[in-house]
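Enquirer: Here is how the chains run, residue by residue.
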Amino acid sequence: MKTAKRLLTVFILLAAGGFAFNALAADQVIKVTAKRFEYSPNVITIKAGVPVILEFTSLDRVHGFTVPDLGGVRATIEPGKVTQVRIVAPKAGTYEFHCDLFCGEGHEDMTGKIIVEE
Amino acid sequence: MMIDRRDFLKLMGLGSAVLVLGPRGLAHAADMKAGKDDFLFVQLSDTHWGFSDPKANPDSAGTLKKAIAAVNSMKTQPDFVVFTGDITHTTDDPKERRKRMAEARDIIGALKVKNVKFLAGEHDAGLDNGEAFQEYFGKTHYTFEHKGVHFIAVDNVSDPTSSIGDTQLQWLGDELKKIDKDARIIVLTHRPLWDLYPNWDWWTRDGAKAVDLLMPYKNVTVFYGHIHQENHHMTGHIPHHAAKGLMFPLPAPGSVPKRVPIPWDPAAPYKGLGYRGIEAKTGNAEYVITEFPLQKG
Numbered sequence: 749m750k751t752a753k754r755l756l757t758v759f760i761l762l763a764a765g766g767f768a769f770n771a772l773a774a775d776q777v778i779k780v781t782a783k784r785f786e787y788s789p790n791v792i793t794i795k796a797g798v799p800v801i802l803e804f805t806s807l808d809r810v811h812g813f814t815v816p817d818l819g820g821v822r823a824t825i826e827p828g829k830v831t832q833v834r835i836v837a838p839k840a841g842t843y844e845f846h847c848d849l850f851c852g853e854g855h856e857d858m859t860g861k862i863i864v865e866e
Numbered sequence: 006m007m008i009d010r011r012d013f014l015k016l017m018g019l020g021s022a023v024l025v026l027g028p029r030g031l032a033h034a035a036d037m038k039a040g041k042d043d044f045l046f047v048q049l050s051d052t053h054w055g056f057s058d059p060k061a062n063p064d065s066a067g068t069l070k071k072a073i074a075a076v077n078s079m080k081t082q083p084d085f086v087v088f089t090g091d092i093t094h095t096t097d098d099p100k101e102r103r104k105r106m107a108e109a110r111d112i113i114g115a116l117k118v119k120n121v122k123f124l125a126g127e128h129d130a131g132l133d134n135g136e137a138f139q140e141y142f143g144k145t146h147y148t149f150e151h152k153g154v155h156f157i158a159v160d161n162v163s164d165p166t167s168s169i170g171d172t173q174l175q176w177l178g179d180e181l182k183k184i185d186k187d188a189r190i191i192v193l194t195h196r197p198l199w200d201l202y203p204n205w206d207w208w209t210r211d212g213a214k215a216v217d218l219l220m221p222y223k224n225v226t227v228f229y230g231h232i233h234q235e236n237h238h239m240t241g242h243i244p245h246h247a248a249k250g251l252m253f254p255l256p257a258p259g260s261v262p263k264r265v266p267i268p269w270d271p272a273a274p275y276k277g278l279g280y281r282g283i284e285a286k287t288g289n290a291e292y293v294i295t296e297f298p299l300q301k302g
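Residue numbers (our numbering), protein chains in the order written: chain A, 749 to 866; chain B, 6 to 302.
Calculated directly from the structure, the hints in this document are not laboratory data.
Nothing here was measured: the structure is a model prediction, and the numbers come from that model.
Even for Gly, the Cβ is constructed at its ideal location relative to N, Cα and C.
Please note: incorrect hints may appear among the correct ones.
[What the hints assert, rightly or not] Covered by chain B, according to a simulated footprint, are these stretches of chain A (three or more residues, beta-carbon under 8 angstroms):
| id | region |
| --- | --- |
| 1 | 795–808 |
| 2 | 825–831 |
[Said to hold, decoys possible] Away from chain B, derived, C-beta distances all over 12 angstroms, residues of chain A:
| id | residue |
| --- | --- |
| 3 | Pro789 |
| 4 | Ile792 |
| 5 | Val815 |
| 6 | Glu865 |
[To be verified] Below are the SDA-like pairs computed for lysine to any residue, each with C-alpha atoms no more than 25 angstroms apart in a straight line:
| id | chain 1 | residue 1 | chain 2 | residue 2 |
| --- | --- | --- | --- | --- |
| 7 | B | Lys100 | A | Lys839 |
| 8 | A | Lys839 | B | Lys60 |
| 9 | B | Lys70 | B | Glu235 |
| 10 | B | Lys223 | B | Asp171 |
| 11 | B | Lys214 | B | Lys263 |
| 12 | B | Lys104 | A | Arg784 |
| 13 | B | Lys100 | A | Val810 |
| 14 | B | Lys263 | B | Lys104 |
| 15 | B | Lys100 | A | Glu853 |
| 16 | B | Lys263 | A | Lys829 |
| 17 | B | Lys263 | A | Ala840 |
| 18 | A | Lys779 | B | Thr166 |
| 19 | A | Lys829 | B | Asp133 |
| 20 | B | Lys214 | A | Thr824 |
| 21 | B | Lys186 | B | His246 |
| 22 | B | Lys301 | B | Val265 |
| 23 | B | Lys144 | A | Ile863 |
| 24 | A | Lys783 | B | Pro262 |
| 25 | B | Lys104 | A | Glu844 |
| 26 | A | Lys839 | B | Asn204 |
| 27 | A | Lys861 | B | Pro256 |
| 28 | B | Lys183 | B | Pro221 |
| 29 | B | Lys186 | A | Lys795 |
| 30 | B | Lys301 | A | Asp808 |
| 31 | B | Lys186 | B | Met220 |
| 32 | B | Lys60 | A | Phe785 |
| 33 | B | Lys41 | A | Lys861 |
| 34 | A | Lys795 | B | Asn204 |
| 35 | B | Lys263 | A | Glu844 |
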């Protein structure tokens, strides 16, 4: 029981910090690919207050992912690896995300939106 | 060199707006007198040599040359010229990157003023950590002193995460320790050191750490580029001035869904493009900033 409590505490701390970690079975996993200069999908719809795991893979080079208006959550997406980011959006709205690792001439176009519904 | 302010204002005969901007905010320059250590320097930014999109700039091959000619035609020549990054437009091909840098360096070499300082932008340095830039334009962070003003060039682009990085921050702190707290300091950089608009990557991830290091110094001013438009902002007592670009203007932060270049206006060629003169007055931490639009002809 104590071990379970400790695990729960770690889970909450990681979630609060927005760190990437292995998906838990209960969370919805949304797979996202990144390549120059787009994410697919680039519009992601989730529910407010419901944790979601974004599971990134890069099809070419290193990219970044950040959502400045969601507590600055960010990740580095390296080719050959699966990168998971757990997000919990507290309220409905549209949150823009973008690549924050300069990746070439179309870098500025590498953007997307997370639409959060009530 | 003595600068007669009237001469300065008449440099291009453009009737440009003149602001005096300094750590104590905005003021008017009407009663400023020339001193023996007054000097003028010119800031050019975001020339994006190698960019090609006729909808944004049908004169992409001529705009940098035009800017150089405009600076050369200034009646009072600046003591030096500084390029605050994105001298070249990015390319994946390292050979092409170096070709663009060589061409840009040659064009800039036509400046009458031979004292030219360079900073990198992410287009120059973001794909190879500044390797090619250093081959053609030298170090990416450095200091120099000019007539009592301490200049600090900060590199916030060679690290593709839009960061200055701990090593350079340590260097910045060490350099600042050598300077009196009331000395005049000008910081030159490419990205804004403050969170101008992070959704468009208009920030420096660890810029606040640099500002914290600068905060104890009374007379600091920051000049930067990156956003292709003027912007004037204060963090505490420190003013930050973004310059116009010299290839294409960008929209105001957050004003449109995407930060794409503002289309060329045939009725107003070169609209939104320009450079600035910055006049430093003896013993005064305020600067006369004159914005010069790039003009047809």
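Enquirer: Now, for every hint given, state plainly whether the structure supports it.
Expert: Here is what the structure says about each hint:
1. 795–808: With 0 residues close enough to chain B, the hint is violated.
2. 825–831: Contact hint for the region 825–831 of chain A vs chain B: violated, 0 residues under 8 angstroms.
3. Pro789: Given a closest Cβ separation of 17 angstroms, the condition holds.
4. Ile792: holds (16 angstroms)
5. Val815: Violated, since 9 angstroms does not exceed 12 angstroms.
6. Glu865: holds (20 angstroms)
7. Lys100(B) <-> Lys839(A): violated (48 angstroms)
8. Lys839(A) <-> Lys60(B): violated (40 angstroms)
9. Lys70(B) <-> Glu235(B): At roughly 21 angstroms apart (the allowed maximum being 25 angstroms), Glu235(B) and Lys70(B) satisfy the hint.
10. Lys223(B) <-> Asp171(B): holds (24 angstroms)
11. Lys214(B) <-> Lys263(B): With Cα atoms ~29 angstroms apart, Lys214(B) and Lys263(B) exceed 25 angstroms; violated.
12. Lys104(B) <-> Arg784(A): holds (23 angstroms)
13. Lys100(B) <-> Val810(A): holds (21 angstroms)
14. Lys263(B) <-> Lys104(B): violated (30 angstroms)
15. Lys100(B) <-> Glu853(A): holds (16 angstroms)
16. Lys263(B) <-> Lys829(A): violated (29 angstroms)
17. Lys263(B) <-> Ala840(A): Roughly 22 angstroms between the alpha carbons, so the hint for Lys263(B) and Ala840(A) holds.
18. Lys779(A) <-> Thr166(B): Holds: Lys779(A) and Thr166(B) sit about 23 angstroms apart, inside 25 angstroms.
19. Lys829(A) <-> Asp133(B): holds (22 angstroms)
20. Lys214(B) <-> Thr824(A): Holds. Lys214(B) to Thr824(A) sits at ~22 angstroms (cutoff 25 angstroms).
21. Lys186(B) <-> His246(B): holds (21 angstroms)
22. Lys301(B) <-> Val265(B): holds (23 angstroms)
23. Lys144(B) <-> Ile863(A): violated (43 angstroms)
24. Lys783(A) <-> Pro262(B): Status holds; Cα separation ~21 angstroms.
25. Lys104(B) <-> Glu844(A): violated (36 angstroms)
26. Lys839(A) <-> Asn204(B): With Cα atoms ~18 angstroms apart, Lys839(A) and Asn204(B) stay inside 25 angstroms; holds.
27. Lys861(A) <-> Pro256(B): Between Lys861(A) and Pro256(B) the Cα gap is close to 20 angstroms, so the pair holds against 25 angstroms.
28. Lys183(B) <-> Pro221(B): It holds: about 13 angstroms lies between the C-alpha atoms, which stays within 25 angstroms.
29. Lys186(B) <-> Lys795(A): violated (52 angstroms)
30. Lys301(B) <-> Asp808(A): violated (43 angstroms)
31. Lys186(B) <-> Met220(B): holds (10 angstroms)
32. Lys60(B) <-> Phe785(A): holds (21 angstroms)
33. Lys41(B) <-> Lys861(A): Violated, at about 56 angstroms.
34. Lys795(A) <-> Asn204(B): With Cα atoms ~22 angstroms apart, Lys795(A) and Asn204(B) stay inside 25 angstroms; holds.
35. Lys263(B) <-> Glu844(A): holds (11 angstroms)
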